[in-house]
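K.L.:
With the hints as a guide, bring the two chains together.
Letter by letter, the chains look like this.
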Amino acid sequence: MSDRLTVRKTYKLYVNGAFPRSESGRTYEVTDARGHFLANAAWASRKDARDAVVAARSAFAKWSAATAYNRGQVLYRVAEVLEGRAAQFAEEVAAGEGLSGSKARAEVDAAIDRWVWYAGWTDKLAAVLGSSNPVAGPYFGFSMPEPTGVVAVLAPQRSSLLGLVSVLAPVLAGGNTAVVVSSKGRPLPAITLGEVLATSDVPGGVVNLLTGDAAEIGPWLAEHADVDAIDLAGTAGPLAMELERSAAGTVKRVLRAPAEEPDWSSDPGLSRLRPFLETKSVWHPMGV
Amino acid sequence: MSIFEYAPALESRSLVDLRPSYGLFVDGEFTEGTGTPLKTVNPATEEVLSEVATGSDADVDRAVRAARRAFVKTWGPMRPADRGKYLFRIARLLQERAREFAVLETLDNGKPIRESRDVDVPLAAAHFFYHAGWADKLEHAGLGAAPRPLGVAGQVIPWNFPLMMLAWKVAPALATGNTVVLKPAETTPLTALLFAEICQQADLPPGVVNIVTGAGETGRAVVSHPDVDKVAFTGSTEVGRSIARTVAGTHKRLTLELGGKAANIVFDDAPVDQAVEGIVRGIFFNQGHVCCAGSRLLVQESVHDEVVAALQRRIGTLRVGDPLDKNTDLGAINSAPQLERIRELVAAGDAEGAQRWQPEGDLPARGYWFKPTVFTGVSSAHRIARDEVFGPVLSVLTFRTPDEAVAKANNSTYGLSAGVWSEKGSRILSITSKLRAGVVWANTFNEFDPTSPFGGYKQSGYGREGGRQGLAAYLKGDA
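Chains A and B, in that order, give the protein sequences.
When the letters of the first sequence are read in order and numbered with the numbering used here, they come out as residues -18 to 269.
When the letters of the second sequence are read in order and numbered with the numbering used here, they come out as residues 6 to 484.
Note that these hints are calculated values from the structure, not bench results.
Just so it is clear, the structure is predicted and the values come from calculations on it, not from any experiment.
Treat the hints loosely; a few may be bogus.
[Stated by the list, open to error] In silico DMTMM-like links for lysine to aspartate or glutamate, alpha-carbon gap of 20 Å or less:
| no. | chain 1 | residue 1 | chain 2 | residue 2 |
| --- | --- | --- | --- | --- |
| 1 | B | Lys481 | B | Asp232 |
| 2 | A | Lys43 | B | Asp408 |
| 3 | B | Lys481 | A | Glu241 |
| 4 | B | Lys439 | A | Asp207 |
| 5 | B | Lys439 | A | Asp104 |
If we strip away everything but chain B, and leave its shape as in the complex, we get (with noise of 0.2 Å):
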């Protein structure tokens, strides 16, 4: 425990008003779901927030005719710059319910609420901002001269950024002339049904956009429905296989944006406070449940003992607790079964001889906790080197050349992110280009902005979101 402790600072939940139960909304209504309802729970306290509907087949289905006739009738042939306005009302409206939206994501998913505040309903804005711009600009974005729509878009979202995926899924595909039925992950389900009030308040056309909520059952409806044109995944490479699978032969397109292993490599010129500063940023930013956390730390020998030791420092001061308190820095694991996963992990790293350094401390009593881990010693054959772990835990590996550092990053099935930490410029731009990753960041960590594209290589995935490249995954060009 540090010497001095803060009082707590919390933010106050009153501005959210939870209902006891939220139905789908299909069609510019909320609606009841034929499905068995399910419960989501707040995993800082374990306390049931609200029941929210499933959607069947049959839902899947009515939200899919829904969406078919927005796209025929309303929103396909509107004029483009009128889509556009459509995008900058919701993105002003956000704005306007930029703190209910944050308190709501922290109360459903466990994150701090600086980060919902600062980072998650921020960039959810500014995603529609940015979009909305493209609306009526498309034949500038180099897809040819007269881009087209696809259709309806099947949209599948994670937990880990309920909001924001939501927006970087939801605002391409309606600036490009798409209608869409979402499926919000089954832990996290209420800022997008709060995000569907925004709809109604925009006064968005029915059908345009559709939020079906469920589990994995009701993502295979969406995922597999026959008129459906176009699938949008974000989430396991286990989960993106099996929908690629689904997806063949059929005339649906497909972008998967799906696990990570980054590496961030800290080379022995990198100004240690400020690398050490990216570490923590990289693997414990939204408890390290990110697809591109920085989770293979790969030290320069000759620093090694000094980075860490910097690093466990600096992870002594983090804050674990309520993520309602403004001052915590790590918030709840989403649920109990990533919780079990995250153990599982860690189990195995002790089991195949890494070290593990955890601070001192206590976690709270009830919800899903787990402490900021470092394992030292550990090598590239190792499972925490290896499988993506999606929690707090950091794996520090060790190199001497440069070739090495690439080597040993390159060395993954994954590539979605990494990090590259040097004060020489040269070195970084040679280090950035040879990474096999489709974001690097270099001396800074997990930064996102929507006209940055960003997407994986390798078995994280394919397609972008965001940037201009980002639209090609919701138009049919002819180039």
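If we strip away everything but chain A, and leave its shape as in the complex, we get (with noise of 0.2 Å):
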């Protein structure tokens, strides 16, 4: 048994690219599942929510213009790097989650894939979700998703990485930028995603990680102008339909939460990836 004292880890926001704290000087206490201190999260306030829309916005041209194949390997290289730290994220998972050893491990050896698989859907959607239009005239016609723009993510509550991987990932794929609220209670495995994203070719401020309370911050992105659309998964309730209707303001797109929060074990299919989705339509005159 070694005496050395450990070097604790301070936790930060991940906003455009770098690991500010929060601008109103705020932190919480997070605790293991048994209740034990664990760490001081920042604690992002409605500010730090409009700098991170900010830098969603000025990345939003470069990756969504970015080829699918160059999406689809920085998404895999985000994959590579979580490997490599599985274990931190296993420990954090456990920590947060009050699971077992094995089981955490599982979680995030599960998360790892539900990255993958999102990695491997850029250069797919446009095929699978995309038209030729074999319009009645001489015109050619096609239809292409496009990504809808900056996405709020209010990540799930209890899932911690497996959840917020399933959440934010295929935001990610179809090209779209990311602020993403973090599980309040269990925040940890969100900042240290943030470090694997700083680390794995991903752009400053196309992910953007902010621990807080949704219920706080949540409303200023909701009704936010520059925010494109909302994904409401880490909400419920009343929070969710007032998170809903303030939406409607601006028009955003909403994927709402689920009445609870699902199994992310099991298979997403697209039902993640075409919210954030749009699709335009082509027209050209065909003649000689």
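P.N.:
Structure below.
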């Protein structure tokens, strides 16, 4: 048994490729499943959310214009780095969710596999969701999926890594950029995921991770005119309804919260990709 | 006035048998409405065409219950191929009675017979044909192996394309196994009621299609009815927002097709004559009562004067007047309130310093009319460049570089459609991919087809109508 004193990690936000503290200076205590202190997490404010939206908006032009092949490569790289840090994630998941070591490891493995699944979708979406349109006239017509834009993601509250990956990866695979509010009670894997993203070729600003309270930050994101879509996965009841209602003001795309937090291990299909894609139809005359 | 006057070439009204009053169409039968009836007028003459029942909350409830019964008992369990056959029947019946529908549409809406005859009615039939074929092929639509209908669809449609919008809503809903309660616009209910006769002639089971006429209150009752599973709305962004609020927190699925402020971008290498035809078609088609109208003309600075001169020459030849005349290009504005809105925005254009141009000539003394109008010297900040006019009013802006064109085009809360005019293929492909709009027409404008998904980005709404993509709005998939 070593008597070495461990170096504890300071958990911060992940915004625009950097790791700032909350501008509000606030933190909150994160405990493990049995109530023991784990860390002080940054408690993101409205201003942090706005900064994150600015970062996500500026990153959108480049990320959405990247080739599908390139996006797939970058996302696959995330899975590689995740794999290398699986042990650390397993520890955080085990502590936060109160899982045994092996169960936590299984969650992490599933999260990595989920990330790989979405990495493989980037260059297939156009073929599966797009179309050539046989219009009744001398026109060449086709439709293609395009990203909606900046997506606010209120991550699941219980499943701190698999749930988070399941909602974040599809947003990115479609070419959107994201502002994520992590699970409030179990935020640590989110920030560690930020470290993975920062070291795996995902451009700064494409993903912004805020730790804090969806009930506090959510309304600002739902109303924000520069947020194009919102995923309410981590909300429920009156809050979900209130957020959906405010999202109506800017005709935001809303992915509603499920009745209860789903079993994230099941096959997601296209159900989380489709809501954050637009279809653009292009017409051009054909002639000589 | 032009040198040669055309002799009038009037389409006959004789095929249309207008009744003095119309009821609602609920559970396969025409019935009285319990609301205060409304009068529908011919906007070209202000003549009252007929009195139409208004659906109250109780009437809407009756219609929704009929739709639910039909969904559970007949339409839902029916063999998909048979559902398809009903839709094929409807499509054929629409074609058989095409002329009657076109005349009635023109009388009630004010649009030129040339357009109702050549665009509205044929496209409505085409939508039923297209979707008829989907009914028994839904497992191939890319929505999972066994997509299921949602149930009862509540649909609210606008007055600009009354029959066509009905077809865009009803055909996909029925093809996917849903039943519908449709509320047509208060100023243009007549073709929807004639469509109810088509449903009867097709022997469509009672309750599958219900038509409840009325104004905003009736629409609200449809949208907020607790037993409606799906809401589809086409209309203003303002109403769309309020519907989204109403639907929030419920199980109802929602699609919205809202306003637009399309940029029509003309590059210096565009063929001017073709571009001018496209600009005219983009903004003056259907009196500009088109959500995807090309109402912001962005012209490259070097060809601005040439394009504007050619455009004014061309507009001078447009014939404004009797919508039943086969030579008419621009018909009547649909209603007095809409005319008022157009006038208000045009006054704002004048007040903000843009230069207004209108062709010579007189407008008919009676009815609701507005001359084709072009504003030059418009900047992105002007109201006429930001607000949807929904009338024959074009704003002309300029740009110098392709990047500036894209930036200006995308500088809008709307994102429904756009146009690009250039002879250079690589430029067309680059610009179309950068425009944030759901439909982009290159070297053409205002083309529609049931196989081509239509719908908006940003505040122009969500969801698509038409194509394989449009089916998603009416199906629960496992994917």
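K.L.:
None of the hints should be skipped; say for each whether it holds.
P.N.:
These are the hints, each one checked on the structure:
1. Our distance criterion of 20 Å between C-alpha atoms is met by Lys481 (chain B) and Asp232 (chain B), whose separation comes to about 17 Å.
2. Proposed proximity of Lys43 (chain A) and Asp408 (chain B) is supported: the alpha carbons are some 15 Å apart, at most 20 Å.
3. Pair hint Lys481 (chain B) plus Glu241 (chain A) holds up; C-alpha atoms about 18 Å apart against a cutoff of 20 Å.
4. For a cut-off of 20 Å, the pair hint linking Lys439 (chain B) to Asp207 (chain A) stands: about 18 Å separates their Cα positions.
5. Straight-line distance between C-alpha atoms of Lys439 (chain B) and Asp104 (chain A) comes to about 19 Å, which keeps the hinted pair within the 20 Å bound.
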